[in-house]
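The listed protein sequences derive, respectively, from chains U and V. Position in the first sequence (first residue = 1) + 30 = this note's numbering. Position in the second sequence (first residue = 1) + 433 = this note's numbering.
Please note that a few of the clues may not be correct.
Only pairs whose alpha carbons sit at most 30 Å apart, straight line, appear in this in silico DSS-like list of lysine-lysine [what the hints assert, rightly or not]:
{"#": "1", "chain 1": "U", "residue 1": "Lys107", "chain 2": "U", "residue 2": "Lys86"}
{"#": "2", "chain 1": "U", "residue 1": "Lys79", "chain 2": "V", "residue 2": "Lys459"}
{"#": "3", "chain 1": "V", "residue 1": "Lys446", "chain 2": "U", "residue 2": "Lys138"}
{"#": "4", "chain 1": "U", "residue 1": "Lys135", "chain 2": "U", "residue 2": "Lys86"}
None of these hints come from the bench; they were simulated from the model. In this text, all values refer to a predicted model and were calculated from it rather than measured experimentally.
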Amino acid sequence: GDSVTQMEGPVTLSEEAFLTINCTYTATGYPSLFWYVQYPGEGLQLLLKATKADDKGSNKGFEATYRKETTSFHLEKGSVQVSDSAVYFCALKWATGSYQLTFGKGTKLSVIP
Amino acid sequence: DAGVTQSPTHLIKTRGQQVTLRCSPKSGHDTVSWYQQALGQGPQFIFQYYEEEERQRGNFPDRFSGHQFPNYSSELNVNALLLGDSALYLCASSYTGDVQPQHFGDGTRLSIL
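Using the sequences and the hints given, assemble the complete structure.
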């Protein structure tokens, strides 16, 4: 079945460092891909999405490009802030025929001043 | 504009009891999905309701049931609670279309003693 694999955490970075969180997926076909962020004590917030190959999703300085050749959707940010400390989830969803989001296990990011 | 609201925020039950969790979708949304998030894991899809019917179900036993009301709000019921049911239960809403992103509430933290 479909699955999403994220890099193991936790990840600790200094403020203004470059961030990459790897995400790869296993699925037959081309699902829509998402990054969600979960701040402590809160639910998930949609960070960005891409619905087809080579699409780039971006929001709040974060970017991710849908790479079908490597079945990847890596999250990047050029300069992280303390306020970016959270758990980040990669997820996939089919455009038709299925209504569920399939999530990775999440990657906890801590940014220190 | 209120987002997805869930109640209660926290709940403590004992094994064998039954519990009901509630969710009000974001204004304009007509579809409600429920997810279970165990500690340190990504959310797992339980089921989705649309037009007061369950239209897709994840890999959860029949102890998990739900309901959607004419105003689109929803309930999640869990019978015969087990210790393993301890988790954060997330409700997500969306507008009918398959490709619409799901918006999450802050969840209900259920603890089973």
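**Q.** Unsatisfied constraints (hint numbers, rising)
**A.** Structure breaks no hint.
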